[in-house]
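Visitor: The residues making up each chain are set out below.
Number of protein chains: 2
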Amino acid sequence: MPAKAILISIGDEILYGQTLDTNSHWISGELDSLGIRVIKKITIGDSREEILDNLAESEKLADMVLITGGLGPTSDDLTKPCLTEYFGTQLERNEEILSHIKGMFERAGWEMSESNAMQADLPANCTPIKNSIGTAAGMWFDQNDTVFVSMPGVPFEMRQMMKDSILPKLKEKFVRDTINHRMIRTIGIGESKLAEIIKDWESQLPKTIKLAYLPTMGAVKLRLTTSGDNATTQKLVQAEIDKVIPLIEKFVYGYEDEEIEEAIGRMLKAKGMTLAVAESCTGGYLSHKITSVPGSSQWFNGSFVPYSNQLKNEQLHVDMKIIQEHGAVSEPVVLALAKNVRKEFKSDVGVSISGIAGPGGGTPEKPVGTVWIGYADAKKNVAKKFQFIRDRELNIKYSAVAALNMIRINLDKD
Amino acid sequence: MPAKAILISIGDEILYGQTLDTNSHWISGELDSLGIRVIKKITIGDSREEILDNLAESEKLADMVLITGGLGPTSDDLTKPCLTEYFGTQLERNEEILSHIKGMFERAGWEMSESNAMQADLPANCTPIKNSIGTAAGMWFDQNDTVFVSMPGVPFEMRQMMKDSILPKLKEKFVRDTINHRMIRTIGIGESKLAEIIKDWESQLPKTIKLAYLPTMGAVKLRLTTSGDNATTQKLVQAEIDKVIPLIEKFVYGYEDEEIEEAIGRMLKAKGMTLAVAESCTGGYLSHKITSVPGSSQWFNGSFVPYSNQLKNEQLHVDMKIIQEHGAVSEPVVLALAKNVRKEFKSDVGVSISGIAGPGGGTPEKPVGTVWIGYADAKKNVAKKFQFIRDRELNIKYSAVAALNMIRINLDKD
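Listed in order, the protein sequences are those of chains A and B. Residue numbering for the first sequence follows the numbering used here, starting at 159 and increasing by one per position. Residue numbering for the second sequence follows the numbering used here, starting at 159 and increasing by one per position.
What the hints contain is simulated information worked out from the structure, not anything from laboratory work. One thing to keep in mind: the hints can contain errors.
[Stated by the list, open to error] Here are the simulated distance ranges between beta carbons:
(1) A:386 / B:286: 18 to 28 Å
(2) B:468 / A:472: 12 to 22 Å
(3) B:355 / A:501: 49 to 59 Å
(4) A:572 / B:269: 43 to 53 Å
(5) A:351 / B:504: 41 to 51 Å
[Claimed, not checked] Per the computed footprint, the stretches of chain A lying under chain B, defined by three or more beta-carbons under 8 Å from a beta-carbon of chain B, are:
(6) 259 to 268
(7) 320 to 331
(8) 445 to 452
(9) 455 to 469
[Said to hold, decoys possible] Among chain B residues calculated to face chain A with C-beta under 10 Å, some are:
(10) 201
(11) 208
(12) 445
As the structure is a computational prediction, the values presented were derived from the model and not from experiment. Cβ coordinates follow ideal geometry from the N, Cα and C atoms, glycine included.
Using the sequences and the accompanying hints, generate a full structural model.
Guide: Written out as structure tokens, the structure reads:
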């Protein structure tokens, strides 16, 4: 039986719909990959009674209770006093945490307030967990047969703390059998289409291999899970991967943790090539995805966001007549943008995007979501039209993924 | 007392971290704006026992229980059989819903299966709610003093159903008093510093006004909540806002729903000015934030991401000698970038960012997180150094917010 976890998110702002709780989603995924089973997620407000009731209720049901939120320095943050009350203990100032907080303020050159110092006051029975990038320490409690962990609600602080200390501690305490995940990463095909292509392979999979389809924006990950990470199961899984790859090869861009923008970087580096981008409707998002990869400066020269038609013309020499005749969202415009940004930025590959992200700007001929993507290298200058049907934010994000996939496909052809 | 709601999301894919639950977030916001108080959100898996337990538990605590998910045509969808069991009733085929489903399949030209027809089998005691864009009907139950509503988990089907029928029905049945939120949006000051500045004001607030600090990246929102949205409470809240604003004026960029990038757009539009950006270490993220605002093409001309030093020199005429002498992350470089992108892109304001996002590239003098931001308009050309202490992703995001704040401060000075 896998260990059972309950996640509690605390905060009025989540209950009132002002903050989207992404913490419990992220934690779920991490626990799942350790083979820990999340049986329930609970969100409650900054209310003493609710917090105490749900701590007690969860203790009955789960092996571990992971709590996020309510650890700020202000008086509406109740998690710490409630935990202190729940465990019948009192607060004690922790000198190590205090000096960590002091150090953070010193390095940043800020003045430290008494309410910040009070963040070093922790329930006497907890094991403090250092927050390497914030002032609210985490707390680990062992209560009879249940572990309680309290973490800050700020997503990046929580994630760092989980990765640095909590996940390793949970793994040590609760995980007997190791769980082994292998991931095949596909792009440019939908979940149901993919399922159709591989259904015969799926039906013959050994019972010891669990298959999951994990769709994300414009991409689907296939996850093969086995428990007991030994040589035999590893070989078994690899044999199944070798069987399925020929069926879906043209959609597979990578394996395991590799994101599509990392795969592009890997491909460009292997070929000793550099990339330049001219993106209009995506407004910098494609460049942001690319530069989110550490070390991308090795293969990415830069990008240009010609949001106005004037800049498309003046900076990237797209003929005004072409823009007037075909519109900025058109094949000749993205062809010219890709070709010219490649040349101007002295790069091996040029990519361009021009589209109508919405909500305004659509016409019957070119509705919101119409996006042209262009590609140019030494041998090719090609373009493709996409029709997305989402809102502004999603049209932008899907366009960037489609452009990355277009780079992949064209680099593969070389 | 406002009516109390509990939201239950059902689905293994949410518990396992495969699907981010945005439904309960959206429903919370809608109920909040009606003045219905969400007291708890629960996520459970596709498990009969869990569903029945949580229905019973929720009935004790809430006036309404809104359930999403588990209504699909496959056997792992358990919501409908569980509701039928919970209310001690049986399924009956609803002819009206059946003909709606038939019509949908006919219009799409698909063949209808028996499992689709079974979606018209509904618990005898429910009021069916038509799903105008899908096959899973909603169900409304009045059980003693609690209303139960079951909806599909597909976000756009659920939203349509809520808007078309459920929200109006809930409003009619439950809404006496409305809840009123006012929001003051600050930037460039931390939560605890802000709390210290306004602590006297906070302590004299009338008990009927509830104050919350909502920190997000580089910004803190102050939310004042009252119930009973009538002229008296509105005046009372406004009087408190008028009192606090003078204390924190220089940090306040806007009110209610306005994001900082929207505030920048509003300010530029009011002055009839346009903006151009040259961003290096942020790699397009600042431009992405700006262009996430619908209609930003009215005041944003475009941006340039000169990721390599060569491009800084060739495209934006930053003297190579300056780059060699001071480094790309330096005051003279961001001053030149801001000035030159303003001129090249024929804009009223130019903003530039150059920094070390990490993880590599740091030195003892310029550690990871060192970021210079430049600003130029017709009268000024200024720069400021920031020291962030986060990881690559966060250094990028904080830098973009700092640049937006720098635009705000300098526009304010004009």
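Visitor: Indicate, hint by hint, whether the structure satisfies it.
Guide: Each hint, compared with the structure:
1. Under the hint 18 to 28 Å, the C-beta atoms of residue 386 of chain A and residue 286 of chain B, about 48 Å apart, miss the expected range.
2. Checked against the hint of 12 to 22 Å, the pair residue 468 of chain B and residue 472 of chain A passes, with Cβ atoms roughly 21 Å apart.
3. For residue 355 of chain B paired with residue 501 of chain A, a C-beta distance near 54 Å keeps the hint of 49 to 59 Å intact.
4. Restraint check, residue 572 of chain A to residue 269 of chain B: a C-beta distance of roughly 44 Å satisfies the suggested window 43 to 53 Å.
5. One distance hint, 41 to 51 Å for the beta-carbon pair residue 351 of chain A and residue 504 of chain B, holds here, with the actual separation near 47 Å.
6. For the segment 259 to 268 of chain A, the stated coverage by chain B holds: 5 residues have a C-beta nearer than 8 Å to a C-beta of that chain, and at least 3 were required.
7. Given a C-beta distance limit of less than 8 Å, the hint that chain B covers the segment 320 to 331 of chain A is violated, as 0 residues qualify and 3 are needed.
8. Counting residues of the segment 445 to 452 of chain A whose CB falls under 8 Å from any CB of chain B gives 6; the rule of at least 3 is met.
9. Judged by the Cβ-Cβ criterion of 8 Å, the segment 455 to 469 of chain A is covered by chain B as claimed, because 12 of its residues qualify and three suffice.
10. Interface hint at residue 201 of chain B: satisfied, since its Cβ lies 4 Å from the closest Cβ of chain A, which is below the 10 Å cut-off.
11. Contact between residue 208 of chain B and chain A, as hinted, is supported at the beta carbon level, the nearest pair being about 7 Å apart and thus within 10 Å.
12. With a cut of 10 Å, the hint placing residue 445 of chain B at the interface with chain A holds, because the nearest CB-to-CB distance is about 3 Å.
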